[in-house]
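There are 2 protein chains.
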Amino acid sequence: MKFEVTILGSSSATPIYNRNPTAQALNINERLYLIDCGEGTQQQLLKFDVKASRIDHIFISHLHGDHYLGLIGLLSSLHLNGRKKPIRLYGPAPLKEIIDIQFKYSDTTLNYQLEFRPTNPDEPEIILENQEVIVKSVPLDHRIACTGFVFRQRKSARKIIKEKVEPLNIPINYYALLKKGQNYVTPDGTVIPNNELTVDSEPPLIYAYCSDTVYNDKYFSEISNADLLYHEATFLHNMLDRAVLTFHTTAWQAGHVALQTSAKRLLIGHFSARYKTLNELLEEARSVFPDTELAIEGKTFAVANK
Amino acid sequence: MKFEVTILGSSSATPIYNRNPTAQALNINERLYLIDCGEGTQQQLLKFDVKASRIDHIFISHLHGDHYLGLIGLLSSLHLNGRKKPIRLYGPAPLKEIIDIQFKYSDTTLNYQLEFRPTNPDEPEIILENQEVIVKSVPLDHRIACTGFVFRQRKSARKIIKEKVEPLNIPINYYALLKKGQNYVTPDGTVIPNNELTVDSEPPLIYAYCSDTVYNDKYFSEISNADLLYHEATFLHNMLDRAVLTFHTTAWQAGHVALQTSAKRLLIGHFSARYKTLNELLEEARSVFPDTELAIEGKTFAVANK
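Each protein sequence line maps, in turn, to chains A and B. For the first sequence, our numbering begins at 323 and goes up steadily by one. For the second sequence, our numbering begins at 323 and goes up steadily by one.
These are calculated hints, taken from the structure and not from any lab test. Just so you know, not all the hints are guaranteed correct.
Chain copies aren't distinguished; within one or between two, either way the pair holds.
Said to hold, decoys possible - Okay, derived cross-link-like pairs now, DSSO-like style, lysine-lysine, Cα gap no bigger than 27 Å in a straight line:
| id | residue 1 | residue 2 |
| --- | --- | --- |
| 1 | Lys-621 | Lys-502 |
| 2 | Lys-407 | Lys-502 |
| 3 | Lys-598 | Lys-406 |
| 4 | Lys-369 | Lys-598 |
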């Protein structure tokens with residue numbers, strides 16, 4: 323099963339040095355989940371050949387422009403390109419008003435249904451459950467209401483132990499029940515416990531996305547044990563004062579978040595325009611949490627088990 | 323005096339094939355006038371090294387997303403980059419509401435003054451007069467209210483004829499009056515008519531910008547005699563039905579607009595996403611009006627006298 327994230331933008335606030343504002347495309351089994359949608363996201367999707375038509379769910383963390391200004395353009399283009407399938411949009415409640423007013427004045431009625439679900443700025447909430455994934459919004463601590471998102475893979479079915487099952491001549495249509503954990507009852511009434519016939523599957527993978535936030539342990543429990551943790555790292559730690567003032571995190575702190583939440587890997591992004599090159603940010607985070615990578619645009623990272 | 327336009331985007335509706343939505347930077351004497359501001363305009367300004375900080379006036383033709391969705395991002399970035407100088411913004415009245423709501427929810431108070439002047443959708447109106455240029459908004463005929471903009475260079479001062487003036491020992495501080503057309507009165511009271519001492523300057527240059535519109539001669543008189551006419555040419559003429567339905571112009575029609583309004587040169591743009599290459603559009607317009615060019619991104623066109 324595919325579970326990977328492609329970075330579409332990694333700049334904070336202003337685009338610069340060919341770094342675009344924040345957006346990520348999460349691919350779970352060839353379905354795309356778009357996380358944040360900074361200005362130019364639709365151009366980035368084209369550039370990196372990520373099919374916008376395959377996006378069914380869009381998650382907006384907060385209403386600073388660098389996280390959502392590409393949304394109206396993307397929704398319009400999907401409409402103009404003939405989309406009929408609904409799109410589910412998750413984000414702060416006022417986003418609805420911002421969208422409605424712009425479509426009103428452009429006299430646009432979308433060909434497809436845009437289902438909006440406001441996120442809760444105060445409490446973590448499960449906002450989506452489907453066959454592949456359970457998504458929870460997690461309040462962060464930013465200058466305005468902002469949530470992260472935790473994508474937890476659906477637990478896979480149990481795996482059948484062929485050498486145990488085959489000698490029993492179990493009817494093939496019984497296999498689905500075994501995978502769900504059901505015991506097998508032989509024709510003569512003997513009960514064979516499920517755990518003699520199957521083994522548990524791999525634990526579900528977790529991708530945690532923490533956009534703009536000041537370092538604050540209140541959200542740590544919600545993002546713990548991520549196989550891949552994306553965390554903003556806007557500044558180097560020598561700019562801690564500025565990070566606190568603007569409700570952002572330093573690379574050193576991002577490393578600590580990964581460490582304290584038992585992340586398996588860390589991906590840092592949302593780089594300030596003051597950093598032309600990113601090596602120092604990477605080294606600083608790695609000094610705390612060695613398994614760190616930079617969220618470079620166009621790169622794809624697997625949310626793999628280690 | 324510099325008077326030239328740099329194309330920042332030339333795609334209609336959806337960005338595609340590395341063509342971005344509409345935006346142009348008009349440079350008059352090193353002051354920049356931004357005309358339309360599609361999504362990604364700030365990235366395009368960076369790409370083509372056009373200094374956003376030098377923009378003092380922004381003109382938005384209408385409220386279809388491909389003409390204004392880059393505006394909030396650009397205004398935000400100017401703010402974050404420390405701008406203090408006011409910006410004057412011209413566009414349809416509801417644009418104010420769209421901007422206000424987005425800055426409200428992002429909790430942004432701009433460091434600089436944003437002076438908004440709504441354009442008149444029904445009548446041509448002079449919207450700006452300064453030392454360099456007079457700008458008029460001109461209602462076009464589109465699916466929603468849309469205006470073009472005509473930039474007419476301020477008439478230059480008259481030119482002094484050195485060989486006539488020098489023998490008269492005219493005081494140097496009188497020269498400014500001569501350039502304005504005043505006669506010279508010698509110390510003994512003799513009046514020397516201005517036209518014996520100066521010649522008229524070149525006629526003022528005109529740049530006319532006609533974004534989205536169906537072919538309709540109602541606006542022709544307002545854009546006549548342009549030294550450079552930008553006109554949309556969304557479709558080839560074999561798609562006239564679609565052009566009429568969507569209130570757009572064909573390349574053949576754009577050529578006719580140039581011909582009928584006595585333009586000196588024509589620049590076509592706003593190309594439909596269905597055209598991967600643009601040669602056919604260019605040839606079609608040239609078949610009617612030979613002095614036509616394509617509005618290719620990154621290219622700069624002088625609004626020169628021929």
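Structure-based check of each hint:
no.: 1; hint: Lys-621 x Lys-502; result: neither (36 Å within a copy, 63 Å between copies)
no.: 2; hint: Lys-407 x Lys-502; result: neither (31 Å within a copy, 66 Å between copies)
no.: 3; hint: Lys-598 x Lys-406; result: between (42 Å within a copy, 25 Å between copies)
no.: 4; hint: Lys-369 x Lys-598; result: both (22 Å within a copy, 15 Å between copies)
Checked against the numbered hints above, the structure breaks hints 1, 2 and satisfies the rest.
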